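> Listed below, chain by chain, are the residues.
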Amino acid sequence: MTDRGPMDRLLANPSVGRLWDQDIVKVLAVFGAIYLGYVVIGMASGLTVQGIFATLVQLTLLIAIYAMLSLSLNLHWGYTGLFNIGIVGFMAVGAYTMLLVSKPAASVSQAALVGGFGLPFIVGAIAGTVAAALLGLVVALPALRLKADYLAITTIAMAEIIRFTFLSASFQEFQLFGRTVGTGGGRGLLVNFEDPITRYILDTEWFASVAESVSAAMGIEGTIQPALETLVISVVLLGVVAGFYWVFSRTGSSPFGRVLKAIREDETVARALGKNTDLFKIKSFMLGCGLMGLAGVFYAVFFLGSVNPTAFMPRFTFYIWIALIIGGAGSNTGSVLGAALFVGVLFQGPLYLKNAIASVTEITDAPDTIAGGVAALGQLDLAPLFAYTLDNISNFRIIALGLVLVWLMKRRQDGLLGHRKEHAASIPFDRRSGDAEEGTDR
Amino acid sequence: MSDVESAPVGDDTESTDRVTDRGSVALRVDALEKHYGGITAVDRASFTVDSGSLTGLIGPNGAGKSTTFDLITGFETPDEGAVYFGEDRITGLDPHEVAGKGLVRTFQIARELGEMTVMENLMLAPKGQSGEALWRSVTPGVRGSVKREEAALLDRAWEMLEFFEIDHLWDEYAQNLSGGQRKLLEMARALMTDPEMVLLDEPLAGVNPTLEKKLLDRIHELRQEGYTFLLVEHDMDVIMDHCEHIIVMHQGRVLAEGSAADIRADEQVIDAYLGEDV
Numbered sequence: 001m002t003d004r005g006p007m008d009r010l011l012a013n014p015s016v017g018r019l020w021d022q023d024i025v026k027v028l029a030v031f032g033a034i035y036l037g038y039v040v041i042g043m044a045s046g047l048t049v050q051g052i053f054a055t056l057v058q059l060t061l062l063i064a065i066y067a068m069l070s071l072s073l074n075l076h077w078g079y080t081g082l083f084n085i086g087i088v089g090f091m092a093v094g095a096y097t098m099l100l101v102s103k104p105a106a107s108v109s110q111a112a113l114v115g116g117f118g119l120p121f122i123v124g125a126i127a128g129t130v131a132a133a134l135l136g137l138v139v140a141l142p143a144l145r146l147k148a149d150y151l152a153i154t155t156i157a158m159a160e161i162i163r164f165t166f167l168s169a170s171f172q173e174f175q176l177f178g179r180t181v182g183t184g185g186g187r188g189l190l191v192n193f194e195d196p197i198t199r200y201i202l203d204t205e206w207f208a209s210v211a212e213s214v215s216a217a218m219g220i221e222g223t224i225q226p227a228l229e230t231l232v233i234s235v236v237l238l239g240v241v242a243g244f245y246w247v248f249s250r251t252g253s254s255p256f257g258r259v260l261k262a263i264r265e266d267e268t269v270a271r272a273l274g275k276n277t278d279l280f281k282i283k284s285f286m287l288g289c290g291l292m293g294l295a296g297v298f299y300a301v302f303f304l305g306s307v308n309p310t311a312f313m314p315r316f317t318f319y320i321w322i323a324l325i326i327g328g329a330g331s332n333t334g335s336v337l338g339a340a341l342f343v344g345v346l347f348q349g350p351l352y353l354k355n356a357i358a359s360v361t362e363i364t365d366a367p368d369t370i371a372g373g374v375a376a377l378g379q380l381d382l383a384p385l386f387a388y389t390l391d392n393i394s395n396f397r398i399i400a401l402g403l404v405l406v407w408l409m410k411r412r413q414d415g416l417l418g419h420r421k422e423h424a425a426s427i428p429f430d431r432r433s434g435d436a437e438e439g440t441d442r
Numbered sequence: 001m002s003d004v005e006s007a008p009v010g011d012d013t014e015s016t017d018r019v020t021d022r023g024s025v026a027l028r029v030d031a032l033e034k035h036y037g038g039i040t041a042v043d044r045a046s047f048t049v050d051s052g053s054l055t056g057l058i059g060p061n062g063a064g065k066s067t068t069f070d071l072i073t074g075f076e077t078p079d080e081g082a083v084y085f086g087e088d089r090i091t092g093l094d095p096h097e098v099a100g101k102g103l104v105r106t107f108q109i110a111r112e113l114g115e116m117t118v119m120e121n122l123m124l125a126p127k128g129q130s131g132e133a134l135w136r137s138v139t140p141g142v143r144g145s146v147k148r149e150e151a152a153l154l155d156r157a158w159e160m161l162e163f164f165e166i167d168h169l170w171d172e173y174a175q176n177l178s179g180g181q182r183k184l185l186e187m188a189r190a191l192m193t194d195p196e197m198v199l200l201d202e203p204l205a206g207v208n209p210t211l212e213k214k215l216l217d218r219i220h221e222l223r224q225e226g227y228t229f230l231l232v233e234h235d236m237d238v239i240m241d242h243c244e245h246i247i248v249m250h251q252g253r254v255l256a257e258g259s260a261a262d263i264r265a266d267e268q269v270i271d272a273y274l275g276e277d278v
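For the protein sequence lines, the chains are A and B, in the order given. Counted from 1, the first sequence has number 66 at position 66 by my numbering; the numbering is strictly sequential. Counted from 1, the second sequence has number 189 at position 189 by my numbering; the numbering is strictly sequential.
It is possible that part of the hints are untrue.
Here are some, though not all, of the chain A residues that point toward chain B, as calculated from beta-carbon distances under 7 Å [claimed, not checked]:
no., residue
1, R250
2, K261
3, A262
4, V269
5, A272
6, I427
7, F429
Think of the hints as simulated: they come from the structure by calculation, not from any bench. Note that the structure is predicted; figures quoted are calculated from it, not measured. Cβ atoms here follow ideal geometry from the backbone N, Cα and C, with glycine treated the same way.
Same shape as in the complex, but just chain A (with noise of 0.2 Å):
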């Protein structure tokens, strides 16, 4: 890139630059700057203050499931050059067990409904990422022996036979240790019980009253409650990505981390030196896998509400693609920003757009196909064609995906972040040992 935009000179200046060369300056700068759009948007367009401010944690909330699987997606392809596009399936795997765990049994009420072994959520999530990693471990046997291109098809082969699975009628309902429980097939299940942030923070009389002198203090009619319910959980969940990159910089900050790396670029070399690469490649896997299936848990519960076997189509896997390439595969910092601005201007910032638009100008009489939009070019009128783009930006930014991701390939194959050097090791390497000090147990 010998090209240099604004953006380049601004990062010349040295107290910039220094600035910027801090990864949560980043992270707040991308943050704020999504934030900043979407709130100039809805002002322009007249939304209302408790409108984009439940838009906001809402997006929050998405950019945060999305962070904790773009991670995970950079443990397996960044550091280890695992091509897993069944993300999906991990996850599903996850929310299904951990609603196996955590429903309630099925009440005599209602005879349909399907119910679980009524555990804590704690247990629930637990169970559903051990069994995401137990299921990482059986794809993984056959398939790391194989080249890369097998563990491919592998996983979106096993992430399609898991929704399938769930959405089968013979596993509907079936009795398990004397219970009524089952995948609920093409209904799915209802997340009917209380996640401990609900019971504990949401549901107490003391935010109820917290959230009332909000709302009167910022002289909103209604109750701003609900949006900052979902404030809370936003929050709890950044929390949760914040200790995803934890562990997931541990990782690849240590010898452990180092072998991964020597796999991604060269596994014959690493072989030569004496490591068990298979063993290095299947624990790599579980971890990762294991954290997607986590982060399905989180999805289920905080975002969907209810989950059935259409939340955990292909597409999913590689909307978390995108996201990490855009934020750079290989960088844990980048994983998140890519995240956030998948999220926030790929993925939700067209709808809201529309949404903003709509609130100003009424369209009426989008034409039904594009040959309408198109033919009104001859006479020079774009409204119909403006019209039905906007009438079908849901679809129109699926295409826009493909075309950044064809941008990306062809101009940023490094994404944002991807090419730094991020030395794969517990110690910096610019000294002699003697110089540095002693290791400390953190």
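With the hints as your guide, set chain B onto chain A.
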């Protein structure tokens, strides 16, 4: 050759002392055979490499040298025959197990880990790093021991880089190194595993004369320290001048074995490989 059949198959004779405790023969290759379809790549090849020696393995293209390397180091499994490293029968072991016993190799075309820095390449190599256990790298409270271990290895790595005079490149991505520097890096990395024996597959190919001399000096210095080397090389002068023992392969077979003078005088070798004017 039949007496070697009784050699123990033990796999836990790990030792950091080099060579001396292996007895006088470091490596024994016994009637190795490898076929690819109708082609016989290695045809009942047998030879030995003495401990602490610099042994050369030569032969025309397609003589089976690289395949022999692959068979010794576990990258290929022989159809027949056996390989002994010291007392251990290592036939059929995985490459990482062979390397774990102290027998490492380099590759004909340098295989640097491109998007890792030179220092990362080196720090990867040491065997038995406790931080290679996932739980130790993540769990709070146990990372201190990993850091101390890494600090000690880092000292060795810096020494190694200085020894090969590429220490100024320590933070460069390996893919940015020149061909010759990659060869140096590859050898330095192999030595970081603390091996007893190193198989060098054309370490001088593409290396300029100055660097070539440097590399050969290094090999001789390391021999003084007790390392054993088996060297595949096409440069006949290098082999004749530097190796005390030379093995000549031709069409998968060992054609001749002996000192430089023996090889020069061998009729078969002259016919097959050297030509009249050597």
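> Decide, hint by hint, whether the structure agrees.
A quick look at each hint next to the structure:
Checking A/R250 against chain B by beta carbon gives a least distance of about 5 Å; that is within 7 Å, so the hint holds. Interface restraint check for A/K261: the shortest CB-CB distance to chain B comes to about 6 Å, inside 7 Å, so the restraint holds. Satisfaction of the interface hint for A/A262 is found here, the shortest Cβ-Cβ separation to chain B being roughly 5 Å, below the 7 Å cut-off. With 7 Å as the threshold, the beta carbon of A/V269 comes within range of chain B, its nearest partner Cβ sitting at about 5 Å, so the hint holds.
A distance limit of 7 Å between C-beta atoms decides the matter here; for A/A272 the minimum to chain B is near 6 Å, and the interface restraint holds. Hint status for A/I427 relative to chain B: holds, with the closest Cβ pair at about 5 Å, below 7 Å. Of the supplied interface hints, the one on A/F429 holds, with its beta-carbon coming within about 4 Å of a beta-carbon of chain B, less than 7 Å.
In summary, this structure violates none of the numbered hints.
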